[in-house]
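Participant: Join the two chains into one complex using the hints; note that each chain is given alone, in its own frame.
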Amino acid sequence: MANIKLAEDKLKALIEVCKSFNNEKGELINVLHKAQEIFGYLPAEVQEVVAHELNVSVATVYGVVSFYSFFTMKPKGENPISVCLGTACYVRGAEKVLEEIKKVAKVEVGETTPDGKFSLACLRCVGACGLAPVLMIGQKVYGRVAPEKVNEILAEY
Amino acid sequence: MAKIKYHILCCGGTGCHASKSDVIMSRFNEVINEKGLTSDAKVVATGCFGFCEQGPIVKILPDNTFYTRVTPEDVEEIINEHIIKGRKVTRLLYTDPAKNEHIEDSKHMNFYKKQIRIALRNCGFIDPENINEYIAREGYEALSKVLGEMTPQQAIEEVKLSGLRGRGGGGFPTGLKWEFASKYQADQKYVVCNADEGDPGAFMDRSILEGDPHSVLEAMEICGYCIGATKGLIYIRAEYPLAIHRLKVAIKQAREVGLLGKDILGTGFDFDVELRYGAGAFVCGEETALIHSMEGHRGEPTVKPPFPAESGYLKKPSNVNNVETFANIPVIFNKGANWFNKIGTERSKGTKVFALAGKINNVGLIEVPMGTTLREVIYEIGGGIKGGKKFKAVQTGGPSGGCLTEKHLDVPIEYDTLIAAGSMMGSGGMIVMDEDNCMVSVAKFYLEFTVEESCGKCTPCRIGNKRLHEILDKITKGHGTMEDLDKLKNLSQVIKDTALCGLGQTSPNPVLSTIDNFWDEYVEHVTVKKCRAGVCTSMLKFVIDPEVCIGCTLCARNCPVNAITGERKSPHQINQDICIKCGTCKEKCKFGAISIK
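Protein chains in written order, with the working numbering: chain A, 1 to 157; chain B, 1 to 597.
Keep in mind the hints are simulated off the structure, nothing from the lab. Owing to the predicted nature of the structure, the values given are computational and were not obtained by experimental measurement. Careful, some of the hints might be misleading.
Said to hold, decoys possible - The following label-pair restraints were derived from C-beta to C-beta distances:
| no. | chain 1 | residue 1 | chain 2 | residue 2 | range |
| --- | --- | --- | --- | --- | --- |
| 1 | A | Glu37 | B | Asn33 | 34 to 42 Å |
| 2 | A | Gly93 | B | Pro97 | 39 to 47 Å |
| 3 | A | Lys102 | B | Arg467 | 21 to 29 Å |
| 4 | B | Asn334 | A | Ala146 | 44 to 52 Å |
| 5 | A | Ala13 | B | Ile578 | 52 to 60 Å |
| 6 | A | Asp115 | B | Ile463 | 34 to 42 Å |
To be verified - Heads up, simulated DSS-like pairs for lysine-lysine below, C-alpha to C-alpha not over 30 Å straight-line:
| no. | chain 1 | residue 1 | chain 2 | residue 2 |
| --- | --- | --- | --- | --- |
| 7 | B | Lys541 | A | Lys102 |
| 8 | B | Lys466 | A | Lys103 |
| 9 | B | Lys590 | B | Lys569 |
| 10 | A | Lys19 | A | Lys96 |
| 11 | B | Lys590 | A | Lys102 |
| 12 | B | Lys586 | B | Lys529 |
| 13 | A | Lys149 | B | Lys597 |
Note that CB positions come from ideal geometry on N, CA and C, so glycine has one too.
Bound-form chain B, shown alone (with noise of 0.2 Å):
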């Protein structure tokens, strides 16, 4: 067979699907069949390239050339111009803000120039729906080396030596988890794979999936041979269609094959797994809380221990590990734990995966080496802040982290620092936001988020958190006095001890952390009425600039609640004991006369 010229890997994720990828893929194969091209050009199906902001993305190998954008309409183009003639479409081409000049190599833009991809190491470069592709990229390797040649105590040592923590937001030490899920004696032990994603602005994990679903199986077989088990569970949100069908056909392959079922490579290990589907509980990714709902009940958390370790799903020893801590696992041992520790800090090893979104130029999935700070990740990888707006937080570890500001700009990205500094890693969310963002707000969309999750069984959470919802609430309504901001932090301490499980434990952090790097926009709230985000609509007054207004009439028209009142051709006022804020003066006038104080 002649070796295919060109691949088009055309991103097959989420993002790009929404926006069209798969119409932008069939119009490929029709264009290539068209032009007889099937001995030239090979359309590949890929996972997530990370640069969603750009998306639909079609990247064309060997050359790295990086389309941004591209509609439907553009393939023709491209087949006519690259594949056929050579030369590169330069109006697809990504264009640097900075310099203003199309970049035609993909290893050349700051997006990625930083990046050390080691959980994401395939998504992009394989068709996730062929193993072959996987086991070209050394895939199953890592497995036939545990089998073949280590005891299940040498690997969870090399694990251990790895240095590798829980990406699921915890950081407890991998290997120490498996030791101990490895010492129960037990008829039936379980590998169980969290992916019930439930951080809103997170997607790591459905990327990898979506990208790399063989990674993650390959690495619960390494566990379950390490840990003595022989099944394997996935808990997935029954909301990623996609990465479920994905994981499916991956499952079903790698059957076909030999490297799921009896008798693995010949070597006597016996390993399935089988999907669990999750129903929309935030709660579910803490572990108990997870167990339970696999077993058909309601999705609460019990107290540990017993650990899950002891005593997990169906009451025998279980270990659970997050999507992107099993996506590690191939890596360390097909390079080797010393490898691997290399990378990062002491304290903490290897790289991270996170969602970058918000008011950043750059949205999209990212991994960096642990140590890099916020700054390198917000300016260089993202690119910066939207429309030139000033940057004003970013805000880590999903409903259970903080807000950091500009002065933890160079703080380096560790599970330890990022606690220090009052947020924590959490599973990777990285939302950032600008002056335009009310932090008050802030704390109240996550309290919302929390109240809505809470599972009820504990008093701090079910009813604390609700309250300090009504608090908040009432300070964006320009109701809040000082006593309430008294009340919001001790309120917030006394749930933070109290609470049974995770979820609760952390929920006061987004409100804490506000108040202590945003405590002037608190006060200014609560005293002076006065959002200066100006979010809090009930605190803003619509004024009418009388040396423009014409007295044309449209906005006392429009006005829902009849506040704007003035004669015909001669400025009018806007009554504020009436005006409900709405908007529509504002929006009507073709003047510009009315303003926002």
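Same shape as in the complex, but just chain A (with noise of 0.2 Å):
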């Protein structure tokens, strides 16, 4: 993986928040949820620094980081999709909208847009099953998508 230089005020800030935490050790998941909000992602960079400050090796982090989904060690897109694969969405057609999603913004679940305005994800249930198909955009949620409407969703981007 290529070196990444992390910004002096967002390191600093990571710093900050391991202090808070009293830099312990059994913090670790909570100081994580932290950088994720500071950096938008985790890259090996700043998990080598919580390693460091939480004094665990890099590979306890790693381990961590790697075991839970809602980390991510890839830099996420300027609107993020997220569609909902939970049995009640499956079960109406999330599949389908999926595919669509592919095809329309040219993007692999995990991947990001070559321009960064897109990347996709797949995420287990957002607990608004009444409106299933679902699909998030950032913090916005749609309900009872058509994979017809996928294009028109898209476009508001």
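Facilitator: So, in structure tokens, the structure goes:
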């Protein structure tokens, strides 16, 4: 992985976060949540800083980051698209919606478009099953999405 | 202060929120202010009403008027007609699909008639961000009774007498669990609330936390008193921002009035609650994995014993219950264990909350007494199958459960009967499927989930489930053999017998139950290579009807692999060896000449 230079102010904020948790090992997951809020994702460089601050091995940090699906090591696009593949959405045709998005936005699951505009991810249940199938772009939720509506929705961005 | 005449309750649950209930609420406030009605009507943001299918929902008290699918544009009309003139806006009332008539009072809706709301008693009634509204509905009375009048042992006996069993899936008797934790001596013990709702398609716990967070806090305090703990931890998914927000507000308010913290209600009992965030791992719903995750580690389960009651969070005795279990506790003390244990059946007491979803008319959150049949839930409360299609299966228990069919519709919903029928209660997801769902694909869907969520610690789950998924994938792609079906059965049994934790031991259930109940469909997939639901695309055959085709060449021009040939103005043909079954031709044909065989 290419080395990324972390921005000074963000780096400072990260070290402050670690301090606010008393640099305790047991707070690793809480620290990572905050770190992801700061940087948007958790590249190796961020993990190294966290490991150093909490006095644990980088392997331990990586082990936790890679275990939980909420943590990501890739930067997300400007408009992160999340398609719900929970059971309720699945039985109401979420897969077809997903295929359509891949076609229209020209992006694969877990990837970001070259211009950084969209990234695509799948998630399991946002809890709006009454609106199935559901997709989210950023924090905005779109319910009762039919494959034919995908074009129109993406055009908003 | 003059009494407010109308209360306008707006659902602030995630489902309705997603369809702009926040805009609707602020619009109501705007119009009320404009028209100078602030002393006549008050807007309250409540938790989930349960009837998500018809959201956003606005309910008006005192007359129980239930407006459905409300938009911000409807607000002014509701104020003008209902609040000012006292006339209901008929077009927004819920319409009974069977009788095709408007229902004015929500009490008469089939969706609510059969329900008994214990865990959801306050959801949709109170403002979850106002502790006084909880207190006004017997809130914290149970805590005061337990702290003031009962010894811990007496309180545990009451919970045991109620017959309450864990609502997270396993169904372990709650009182007994508390008793175990109370017996171990330690300088510090913990009460843990499991709010890591990972079952895709289930949203019971989230709705309780969003609609009635104090009921969970009160119950955790009662539990703390019973087992001798002064600290409570709620492990909640980071994906539930609204529930987290409401919990934070509730904790703050409870601390301010002295219902959390030191010397609660002047009894000398100390108790406080903190939040811990999950980060998206299904296995963390298993209590040992959850505890490891709270400690900041990878959420991998460990072998029990020792049980958390002996050695849990930070190796101290801990009691873990799920949200819905806790939400039942205050009611048991307010109304008495002997009231509670009259509801339900002999071995399953009380009620259960289900998230009813899938191909059903009334998607939503329901709470029914144990012993209610699946038929009552699906056809009476759920309003039957969407679009008049034929019912095929109902899946309970999430990725650990199984699919039940027509012949199980009259099975009463209880922990033990569902297991006997080849599924399980689980945390309460209930997904209805119709004739358009392929059961092999459904099994594959669940296995895909398990493979992704397996923590990788034990071999049967890590590798076994992967192999199950591969075999299912092969079958749905049309390459399966009868031998594969035997392999599926054998491998499933091995995984069940040898996996380390609950996730692994139950992961083959979706495969086994679909094989049991839909054997014909599996056989069709491997022998005649047919998917009767038309889901497995590689088994489909697109054909052009020469009688209908006029030879416009549109399909041929759009086919991405040039599989369609034919002269202009004469019928075209599809070369099946080249066709990739993308369906583009069928979509493009303006004459309906292309069909799936």
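Participant: Hint by hint, note whether the structure agrees.
Facilitator: Do the hints match the structure? See the list:
1. A:Glu37 with B:Asn33: 34 to 42 Å: The hinted range 34 to 42 Å holds for A:Glu37 and B:Asn33, with Cβ atoms some 36 Å apart.
2. A:Gly93 with B:Pro97: 39 to 47 Å: violated (22 Å)
3. A:Lys102 with B:Arg467: 21 to 29 Å: holds (27 Å)
4. B:Asn334 with A:Ala146: 44 to 52 Å: holds (47 Å)
5. A:Ala13 with B:Ile578: 52 to 60 Å: holds (57 Å)
6. A:Asp115 with B:Ile463: 34 to 42 Å: holds (40 Å)
7. B:Lys541 with A:Lys102: This hinted pair holds, its Cα atoms lying about 24 Å apart.
8. B:Lys466 with A:Lys103: holds (28 Å)
9. B:Lys590 with B:Lys569: holds (14 Å)
10. A:Lys19 with A:Lys96: Violated, because 46 Å separates the two Cα atoms, which is more than 30 Å.
11. B:Lys590 with A:Lys102: holds (25 Å)
12. B:Lys586 with B:Lys529: Distance of about 21 Å is within 30 Å: holds.
13. A:Lys149 with B:Lys597: Holds, at about 27 Å.
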